[in-house]
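Construct all of the structure, not just a fragment, from the sequences and the given hints.
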Amino acid sequence: AQSVTQPDIHITVSEGASLELRCNYSYGATPYLFWYVQSPGQGLQLLLKYFSGDTLVQGIKGFEAEFKRSQSSFNLRKPSVHWSDAAEYFCAVSLISNFGNEKLTFGTGTRLTIIP
Amino acid sequence: DVKVTQSSRYLVKRTGEKVFLECVQDMDHENMFWYRQDPGLGLRLIYFSYDVKMKEKGDIPEGYSVSREKKERFSLILESASTNQTSMYLCASRAGLAGPLGEQYFGPGTRLTVT
Chain A
1067 AQSVTQPDIH ITVSEGASLE LRCNYSYGAT PYLFWYVQSP GQGLQLLLKY FSGDTLVQGI
1127 KGFEAEFKRS QSSFNLRKPS VHWSDAAEYF CAVSLISNFG NEKLTFGTGT RLTIIP
Chain B
4 DVKVTQSSRY LVKRTGEKVF LECVQDMDHE NMFWYRQDPG LGLRLIYFSY DVKMKEKGDI
64 PEGYSVSREK KERFSLILES ASTNQTSMYL CASRAGLAGP LGEQYFGPGT RLTVT
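Residue numbers (my numbering), protein chains in the order written: chain A, 1067 to 1182; chain B, 4 to 118.
Hints are computed from structural coordinates only; laboratory data are not their basis. Please note that a few of the clues may not be correct.
Quick list of simulated restraints, FRET-style, between CB atoms [claimed, not checked]:
1) B:D62 <-> A:D1074: 36 to 42 Å
2) A:A1095 <-> B:E65: 38 to 44 Å
3) B:K73 <-> A:T1179: 37 to 43 Å
4) A:N1164 <-> B:A101: 17 to 23 Å
5) A:K1134 <-> B:G19: 45 to 51 Å
Treat the numbers as computed from the prediction; the structure is a model and nothing was measured. No residue lacks a Cβ here, since even glycine has one placed at the ideal position from N, Cα and C.
Here it is in structure tokens:
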């Protein structure tokens, strides 16, 4: 079955350091991939998305992600994190249901803590 | 800006009660979704609706039903609440014509506690 795996439950990074959050997918065809962020007490917000074209995708808030077909990965990166980046991050893949409707399947999330 | 609102931020109900969670969006979106979010499990899709009066089961529909009588409103119903339905419930909407890359817009969530 198609799935999304986020192997890191919790990551702690110093402010100003670089960040990489891992996401692996299991999907037969070329997937539609997303990263969403959930700040404390908030709903989810889209950071970036990918289907085809350039494998390095730029998003909001200075985030980028790289699609690597050979590794079935779509890792999220940021060169220098800010305290406001502390949040939970979800990778997701868009799937077609049995009735032909589009839906998202989410990974289990990675909680990011920023330390001074 | 797209706005998705949920009727309550916090809700406490007793076991066996019938519970209604309401979601309203103001962008004329065709698609609406209900998820539950639990620590370590991420977001799991309960039900979604792709048009008025149209619905489809998600990954964990057991114990839930939904209603979509108007385009802007999507209700999640717990017919007889149980303690294992204690969770955060998130509603989302998306434009139907946006295709598989279309963004879902999320509400702030309802934290439901069933005692």
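Now the hints, each set against the structure:
1. Against the hinted window of 36 to 42 Å, the Cβ-Cβ separation of B:D62 and A:D1074 comes to about 23 Å, which falls outside the hint.
2. The supplied range of 38 to 44 Å is broken by A:A1095 and B:E65, whose beta-carbon atoms lie about 29 Å from each other.
3. At roughly 42 Å, the beta-carbon separation of B:K73 and A:T1179 lies within the given 37 to 43 Å, and the hint holds.
4. Distance hint check: the CB atoms of A:N1164 and B:A101 are about 21 Å apart, consistent with the given range 17 to 23 Å.
5. About 50 Å separates the C-beta atoms of A:K1134 and B:G19, a value consistent with the hinted range of 45 to 51 Å.
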